[in-house]
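Protein sequences appear in the order of chains A and B. In short: position in the first sequence from 1, add 85, done, that's the working numbering. In short: position in the second sequence from 1, add 2, done, that's the working numbering.
Be careful, since some hints might not be right.
To be verified - Derived lysine-lysine pairs resembling BS3-like cross-links, with alpha carbons at most 30 Å apart:
(1) K191/A - K280/B
(2) K14/B - K191/A
(3) K259/A - K274/A
(4) K98/A - K180/B
I should point out that these hints are in silico values taken from the structure, not numbers from a laboratory.
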Amino acid sequence: MMARNWEEYLVEKVLLLAAISSIIIIILIIGFVIDQGLPAMEQVGFFNFIFGTDWSPSYNIYGVFPMIIGSLGIMALSLLFAVPLSILGAIFLAEVAPRTMRRILKPTIQTLAGIPSVIYGFFGLIVLVPFMRETFGGSGFSMLTASFILTVMVLPTILSISEDALRSIPLEYKEASLALGATHWQTIKNVILPAALPGIVTGIILGMGRAIGETMAVIMVAGNTPVIPGSILEPVRALTSNIALEMGYAIGLHYNALFATGIVLLMMIIVLLVITNYINYKRKVTVGGGYL
Amino acid sequence: MNRIIPPNHAQKIMNGVFWSVGILAILILVVIIGYILYNGLPQFSLEFIFGEPVGSGESGGIWPMIVSSFYVTFIALIVATPLGVLAAIFLAEYAGENNLVKAIRFAAETLASIPSIVFGLFGLTFFVVYLQMGFSVLSGGLTLALMAIPTILRTAEVSIESVPQSYKEGSLALGASKWQTIYRVVLPAAIPGITTGVILGMARAIEETAAILYTVGASLAIPLSIWDPARPLPLHLYILATEGISLPNAYGTAAVLVILILIITVFTNYLVERYTKKMMGR
Numbered sequence: 086m087m088a089r090n091w092e093e094y095l096v097e098k099v100l101l102l103a104a105i106s107s108i109i110i111i112i113l114i115i116g117f118v119i120d121q122g123l124p125a126m127e128q129v130g131f132f133n134f135i136f137g138t139d140w141s142p143s144y145n146i147y148g149v150f151p152m153i154i155g156s157l158g159i160m161a162l163s164l165l166f167a168v169p170l171s172i173l174g175a176i177f178l179a180e181v182a183p184r185t186m187r188r189i190l191k192p193t194i195q196t197l198a199g200i201p202s203v204i205y206g207f208f209g210l211i212v213l214v215p216f217m218r219e220t221f222g223g224s225g226f227s228m229l230t231a232s233f234i235l236t237v238m239v240l241p242t243i244l245s246i247s248e249d250a251l252r253s254i255p256l257e258y259k260e261a262s263l264a265l266g267a268t269h270w271q272t273i274k275n276v277i278l279p280a281a282l283p284g285i286v287t288g289i290i291l292g293m294g295r296a297i298g299e300t301m302a303v304i305m306v307a308g309n310t311p312v313i314p315g316s317i318l319e320p321v322r323a324l325t326s327n328i329a330l331e332m333g334y335a336i337g338l339h340y341n342a343l344f345a346t347g348i349v350l351l352m353m354i355i356v357l358l359v360i361t362n363y364i365n366y367k368r369k370v371t372v373g374g375g376y377l
Numbered sequence: 003m004n005r006i007i008p009p010n011h012a013q014k015i016m017n018g019v020f021w022s023v024g025i026l027a028i029l030i031l032v033v034i035i036g037y038i039l040y041n042g043l044p045q046f047s048l049e050f051i052f053g054e055p056v057g058s059g060e061s062g063g064i065w066p067m068i069v070s071s072f073y074v075t076f077i078a079l080i081v082a083t084p085l086g087v088l089a090a091i092f093l094a095e096y097a098g099e100n101n102l103v104k105a106i107r108f109a110a111e112t113l114a115s116i117p118s119i120v121f122g123l124f125g126l127t128f129f130v131v132y133l134q135m136g137f138s139v140l141s142g143g144l145t146l147a148l149m150a151i152p153t154i155l156r157t158a159e160v161s162i163e164s165v166p167q168s169y170k171e172g173s174l175a176l177g178a179s180k181w182q183t184i185y186r187v188v189l190p191a192a193i194p195g196i197t198t199g200v201i202l203g204m205a206r207a208i209e210e211t212a213a214i215l216y217t218v219g220a221s222l223a224i225p226l227s228i229w230d231p232a233r234p235l236p237l238h239l240y241i242l243a244t245e246g247i248s249l250p251n252a253y254g255t256a257a258v259l260v261i262l263i264l265i266i267t268v269f270t271n272y273l274v275e276r277y278t279k280k281m282m283g284r
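Could you put together the complete structure from these sequences and hints?
Listed below in structure tokens is the structure:
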């Protein structure tokens, strides 16, 4: 009996250790990135680093502001397209679509979510960039091009979480509205959508996180000039691209400045996470057609 | 708006809008996948799949990249699966709702939303430089493992939680201890769900580029040991496409990646469908 108790005790401690590993990993990641990035922020000055508009590693000038604008601009523009599309798509899936259509559309969304970001980038580079060049002139590499690709990439995230939120609205709400003589669309617009709002907002914020964090697809179509763009048809560089483009040859302060760019990225993501936790919408794990 | 457009018309208009959005999503997928496969499949040949690249990938095959992809993914899963599953057992069966558990959940959530390039930065300073693993399969695989942990953890936790309470009670009533019950009753019942989580983690590892950009190296040779540098498929595609080395080979590589992801997607769907049917049946 004693042996049994010991075994139970041991097992519980091992499991606890595995569970704590997530915390340890997070601390290590944040710690190491800050440790490598802080020297650059100290040397350049925090304010100069964040709001400096000039990024020229060859002159040891590191201002990350154009990339912040780039990341935020690409994100805002892609959400502008993706949010209405995703919400309409979610309503379609949750309320309107017949069974057969749902059985096609669900795996479609899931596959869109699973396509590797290099494939999106490659498709953008080969198809979308030439198309934009012919339609709008210029090089074709632009903030708008990157936003189009990102729209498709964040769509599955926002759509599936919104659909889940729409589905979890109690049936009584809907029945009461319909019984009062409202049409299906009026019911959706005035009753179901407002009730599902916390879930939809959570989906949008997660989409924001995905848009800010995306590296490969953006790098391949955005043009990557570290300058504040004058219009959405001009090339931009995102924070993520800044790291990926220059890490290969960076040494000294430049190397640290790229880690400092990583700190800026981390701060943005943590802000988004805190907001989602504040909204506190419980997500389900969706896999393909069913909930696990 | 309702005063201008009668409700019945609005209903019809909106139905049209909903249908077009749904069809648009399907079209986008068909165009992207169709385009890649249409251009990529003609590149397929035994020599392309099983051959060594010539030069820096201008011609020849992609066998070393296929090997690299599976090698790196294998390392990632071997590390992430036990960590993720054990953590899931703890959260689902042992933990109450205290601050430690809240912290663990927040950490896993944060881990899931950290941009992949930041994982890459961490992999570079921690595995490559600090632990002196160099640019290698091991550095890349471990970096990917960190990314796969939250996926596996969350899916495993949900499937463990959804094992019916009566199973556990039956086992405990027979005098089994808590761990015996989990090990012999709960885990076997949760296996399909856990498998799905592992496959999803695998998908995440196999398609990732940014995190391995500066951890795995970019060698064109077949990696033999875990200390060798490698070049997984997505990285190869990125290099081929952005450095303008070979468009046909880029198409071919992209097609291989797309087919891998399609296989994984279909397989997970099959597993989930079987699993949900089984759970519904009870």
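Hint by hint, which ones does the structure fall short of?
No numbers; nothing is violated.
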